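4 protein chains.
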Amino acid sequence: SAPLALIAGPCQLETRQHAFDMAGALKELTGKLGIGLVYKTSYDKANRTSLSGKRGAGLEAALPIFDDIRKEFGLPVLTDVHTEEQCAIVAPHVDILQIPAFLSRQTDLLIAAANTGKVVNVKKGQFLAPWDVKNVVAKIVASGNSNVLVTERGASFGYNTLVSDMRALPIMAELGAPVIFDATHSVQQPGGQGGSSGGERRFVETLARAAVAVGVAGVFIETHEDPDNAPSDGPNMVPLKDLPRLLEKLMAFDRIAKG
Amino acid sequence: SAPLALIAGPCQLETRQHAFDMAGALKELTGKLGIGLVYKTSYDKANRTSLSGKRGAGLEAALPIFDDIRKEFGLPVLTDVHTEEQCAIVAPHVDILQIPAFLSRQTDLLIAAANTGKVVNVKKGQFLAPWDVKNVVAKIVASGNSNVLVTERGASFGYNTLVSDMRALPIMAELGAPVIFDATHSVQQPGGQGGSSGGERRFVETLARAAVAVGVAGVFIETHEDPDNAPSDGPNMVPLKDLPRLLEKLMAFDRIAKG
Amino acid sequence: SAPLALIAGPCQLETRQHAFDMAGALKELTGKLGIGLVYKTSYDKANRTSLSGKRGAGLEAALPIFDDIRKEFGLPVLTDVHTEEQCAIVAPHVDILQIPAFLSRQTDLLIAAANTGKVVNVKKGQFLAPWDVKNVVAKIVASGNSNVLVTERGASFGYNTLVSDMRALPIMAELGAPVIFDATHSVQQPGGQGGSSGGERRFVETLARAAVAVGVAGVFIETHEDPDNAPSDGPNMVPLKDLPRLLEKLMAFDRIAKG
Amino acid sequence: SAPLALIAGPCQLETRQHAFDMAGALKELTGKLGIGLVYKTSYDKANRTSLSGKRGAGLEAALPIFDDIRKEFGLPVLTDVHTEEQCAIVAPHVDILQIPAFLSRQTDLLIAAANTGKVVNVKKGQFLAPWDVKNVVAKIVASGNSNVLVTERGASFGYNTLVSDMRALPIMAELGAPVIFDATHSVQQPGGQGGSSGGERRFVETLARAAVAVGVAGVFIETHEDPDNAPSDGPNMVPLKDLPRLLEKLMAFDRIAKG
Numbered sequence: 005s006a007p008l009a010l011i012a013g014p015c016q017l018e019t020r021q022h023a024f025d026m027a028g029a030l031k032e033l034t035g036k037l038g039i040g041l042v043y044k045t046s047y048d049k050a051n052r053t054s055l056s057g058k059r060g061a062g063l064e065a066a067l068p069i070f071d072d073i074r075k076e077f078g079l080p081v082l083t084d085v086h087t088e089e090q091c092a093i094v095a096p097h098v099d100i101l102q103i104p105a106f107l108s109r110q111t112d113l114l115i116a117a118a119n120t121g122k123v124v125n126v127k128k129g130q131f132l133a134p135w136d137v138k139n140v141v142a143k144i145v146a147s148g149n150s151n152v153l154v155t156e157r158g159a160s161f162g163y164n165t166l167v168s169d170m171r172a173l174p175i176m177a178e179l180g181a182p183v184i185f186d187a188t189h190s191v192q193q194p195g196g197q198g199g200s201s202g203g204e205r206r207f208v209e210t211l212a213r214a215a216v217a218v219g220v221a222g223v224f225i226e227t228h229e230d231p232d233n234a235p236s237d238g239p240n241m242v243p244l245k246d247l248p249r250l251l252e253k254l255m256a257f258d259r260i261a262k263g
Numbered sequence: 005s006a007p008l009a010l011i012a013g014p015c016q017l018e019t020r021q022h023a024f025d026m027a028g029a030l031k032e033l034t035g036k037l038g039i040g041l042v043y044k045t046s047y048d049k050a051n052r053t054s055l056s057g058k059r060g061a062g063l064e065a066a067l068p069i070f071d072d073i074r075k076e077f078g079l080p081v082l083t084d085v086h087t088e089e090q091c092a093i094v095a096p097h098v099d100i101l102q103i104p105a106f107l108s109r110q111t112d113l114l115i116a117a118a119n120t121g122k123v124v125n126v127k128k129g130q131f132l133a134p135w136d137v138k139n140v141v142a143k144i145v146a147s148g149n150s151n152v153l154v155t156e157r158g159a160s161f162g163y164n165t166l167v168s169d170m171r172a173l174p175i176m177a178e179l180g181a182p183v184i185f186d187a188t189h190s191v192q193q194p195g196g197q198g199g200s201s202g203g204e205r206r207f208v209e210t211l212a213r214a215a216v217a218v219g220v221a222g223v224f225i226e227t228h229e230d231p232d233n234a235p236s237d238g239p240n241m242v243p244l245k246d247l248p249r250l251l252e253k254l255m256a257f258d259r260i261a262k263g
Numbered sequence: 005s006a007p008l009a010l011i012a013g014p015c016q017l018e019t020r021q022h023a024f025d026m027a028g029a030l031k032e033l034t035g036k037l038g039i040g041l042v043y044k045t046s047y048d049k050a051n052r053t054s055l056s057g058k059r060g061a062g063l064e065a066a067l068p069i070f071d072d073i074r075k076e077f078g079l080p081v082l083t084d085v086h087t088e089e090q091c092a093i094v095a096p097h098v099d100i101l102q103i104p105a106f107l108s109r110q111t112d113l114l115i116a117a118a119n120t121g122k123v124v125n126v127k128k129g130q131f132l133a134p135w136d137v138k139n140v141v142a143k144i145v146a147s148g149n150s151n152v153l154v155t156e157r158g159a160s161f162g163y164n165t166l167v168s169d170m171r172a173l174p175i176m177a178e179l180g181a182p183v184i185f186d187a188t189h190s191v192q193q194p195g196g197q198g199g200s201s202g203g204e205r206r207f208v209e210t211l212a213r214a215a216v217a218v219g220v221a222g223v224f225i226e227t228h229e230d231p232d233n234a235p236s237d238g239p240n241m242v243p244l245k246d247l248p249r250l251l252e253k254l255m256a257f258d259r260i261a262k263g
Numbered sequence: 005s006a007p008l009a010l011i012a013g014p015c016q017l018e019t020r021q022h023a024f025d026m027a028g029a030l031k032e033l034t035g036k037l038g039i040g041l042v043y044k045t046s047y048d049k050a051n052r053t054s055l056s057g058k059r060g061a062g063l064e065a066a067l068p069i070f071d072d073i074r075k076e077f078g079l080p081v082l083t084d085v086h087t088e089e090q091c092a093i094v095a096p097h098v099d100i101l102q103i104p105a106f107l108s109r110q111t112d113l114l115i116a117a118a119n120t121g122k123v124v125n126v127k128k129g130q131f132l133a134p135w136d137v138k139n140v141v142a143k144i145v146a147s148g149n150s151n152v153l154v155t156e157r158g159a160s161f162g163y164n165t166l167v168s169d170m171r172a173l174p175i176m177a178e179l180g181a182p183v184i185f186d187a188t189h190s191v192q193q194p195g196g197q198g199g200s201s202g203g204e205r206r207f208v209e210t211l212a213r214a215a216v217a218v219g220v221a222g223v224f225i226e227t228h229e230d231p232d233n234a235p236s237d238g239p240n241m242v243p244l245k246d247l248p249r250l251l252e253k254l255m256a257f258d259r260i261a262k263g
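Chains as they are written, first to last, in the working numbering: chain B, 5 to 263; chain R, 5 to 263; chain P, 5 to 263; chain V, 5 to 263.
Please note that a few of the clues may not be correct.
[What the hints assert, rightly or not] Chain V regions said to be covered by chain B (calculated; three or more residues, Cβ under 8 Å):
id	region
1	166–180
2	253–259
[Stated by the list, open to error] A few chain V residues that face chain P, going by a derived Cβ cut-off under 10 Å, partial list only:
id	residue
3	54
4	86
5	106
6	111
7	120
8	135
9	161
10	163
Treat the hints as calculated values from the structure; they're not laboratory data.
All values derive from a computational prediction rather than experimental measurement.
Every residue, glycine too, gets a C-beta built ideally from N, C-alpha and C.
The following block holds chain B by itself, in its conformation from the complex (with noise of 0.2 Å):
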């Protein structure tokens, strides 16, 4: 069992000059605490609850920032495609390829991620059972690409609200893949701001130490230098200033889980 990992960053790419701030500033805290970093960032929010929220830098914008992060940085970048066309173009200036949660079922993206070749992060639909969980992964798998991470975010529990059920991480454990655990978006409360996505941002610690302590190979964590200003997911992103504090307390209880 290798030490937990962290994939952190803000929900959006906003700006060159932003996506840099927070790339160092991030690169700086982990090398200190000495946990293994990637770097997740979006170049477009396609699924957002209105017409009005902001999408993004878009795809064109991002693509040589994201070569710009890893070769001045040195960082692993993750970012999440929608469609099928998106894999093959974005898989060159990325690390790992995410599939969201709500395009979990969706055949043809997971084939055309898994044929990058690239490592791929599916994050659990809100509507599937970790048992599921599978078949998805056997999609990739049988596409040829055993790279293959698992994120936790949450169930359906009634109507705008989701639930963590921890239970669901050894479960998925069981199918070999690295299971990740998606503190900030774990704690949204889907569409519950009428045009757009609430959250509880003091769940996060809650939630990602009760992960840590049952056992996952890392922590997702979105994080802004001032989130209640942020383009999207400010309810639930984690002020970058109380994020040392917390990955000290994740580590210590990672190191117990895994001991």
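Fit chains R, P and V to the known structure of chain B by using the hints.
Below, chains R, P and V without anything else, positioned relative to chain B:
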């Protein structure tokens, strides 16, 4: 309140002959009963539980068959689309483009469907509250197309189970879009057979009666002459021979509901 | 299949005069409509959300009023019991003993109610699957009393929300016991107002129509001449003046359902 | 924050000898580990799924055994009560009165338990939101007893399944009452075996680790030397021999959680 309409057909477009047989049989029986019919069929099942599930005849083979069904039987045709590109390609050959439930939050797909000018039928995601469909409809209407149908097909209820909340029907009706109740997918047990979805056909009538009594513009019922040997959704499709009695009952409830 | 029956009355027994007024009004209106009536009232609300919620007239004050309602109006009376001791005390004064949903797994209470020989109406717990009611009914029948009614009143669906699964009605009907649909408690929002339960009266008709179309032996509807000023369950009770139109609609659906 | 405490024992009081064996073994192992122990046992299982389920030794037989366990081993004893009358009878013989989850809204039972002056441990109903426990605690405190524990034991999640929402722990902690996590009932599958409840013992450790990492005052673990042959709750009890390793792990997490 117009009388109840029917959207019906087999889950998949299997062959031209099968499509013609089904369309002919459905046209005859709905003509006798005096209920409006939209012929439903899918050229591709893009989110089968596992890779080994049959996916249908494919886009290219399907389009001329759609044309012929419209010409031969004078029936409006509904089919589902999965990517932006498909919308413009498919639109000239059908009357209604259907957005699958898992994709009901994908902004670009909604806009592309809206831009065809065809009627768009959005299936409500299993992860969506009924009041959140407002945002989905707004994405389509804001794109200049107000010909929207919204379809209830069950909400996630624990694992591998859907529940049909009848309150969703009047809540969605307040949006002004005609509301359809999908009686066959609502009895699905997602992933419930391990490598494919299960279903409980015996509850199709239960839920359809309930929905029609509450008041809906139409019911969506997948049907097949031999469901147990159909290539998909067998456990929840209604045998064609059982349809006349079921529809007569629903039409009687509809008259009371709208009386 | 006997025609639809009605179990109705105010949530609480408030005063003798109020009980007489309600019983008289309900007898008159159900007589005109030709629907059978059981008068429902509670002498004690034993599980109010908070201590400050009013609990009703109390056992001793209620029993002679129950007697008088039966004598004066010739109406069968239903009330709920909360302890074994109450069963034998209350039974001579009523026709139906009702087991509250939270107590539907309490073996001794079920047996004590069964032993009175009166009809026992068990409300299905919000935490029970419909097929698990089999065990509840078996506890009563094994005690020598086969006069059992089972009532659907919603299942837990996330927090502070109930959902009415219409499939529960045919599943419970297979037990052989008449199935009642409680249309007013099914729209409750448990604890939804902080110190008391909320509810959405506007959905009473929605759910009652659905249940009657599916097919039930009776509907349970709490009613009050002024729900907004009633001591409990105001948000979900139906105003007395709205009852005739609602019942006429339900009776029309019932004729189709059982036709 | 005091260190983690343990509430443990077999589901049922089987015989005096069995109780002594279990209490002795638990005292020895918790003494070695340095974790505080409350001995848990039930004289009556009042809500077995079916009539044929064994209910325990009964009240009269149990009280002298409770006395002797307290005297012989110096252990505090916890047991559950089901009626108002039992509270005063049982209280002199135990240290903690436990309110079963199904009964957590029964006002008279809560008051009767409060009036004994003993510590009252309320299990949160499977149908309650964590914030609604505020009203439950208030009923006890308003009765003059502020020695209240609140226990999480899972929330209804679809049919025959519970889910443990780890957010419930900090929400309930805000009430000021120590929060206990019941790790063995949380893995129950209510009614999941038809005539009795199922359970998944393998997730006891998963959920206990998660809860302790989040931060709780204590864990509740039912244990037995031979769970598969125990008269109740076998599928979810932890074998006694596995307890030392589990507790050591939990204590290590607890030190980090409270460090």
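Each hint tested on the structure:
1. 166–180: holds (count 7)
2. 253–259: holds (count 3)
3. 54: Since chain P brings a Cβ to about 5 Å from residue 54 of chain V, closer than 10 Å, the hint holds.
4. 86: Hint holds; residue 86 of chain V Cβ to chain P Cβ min 7 Å, cut 10 Å.
5. 106: 6 Å, holds
6. 111: Status holds, d = 6 Å.
7. 120: Check failed: Cβ of residue 120 of chain V comes no nearer than 18 Å to chain P, outside 10 Å.
8. 135: 8 Å, holds
9. 161: Constraint on residue 161 of chain V satisfied, holds at 8 Å.
10. 163: 4 Å, holds
Comparing the model with each numbered hint stated earlier shows that hint 7 is the single one that does not hold.
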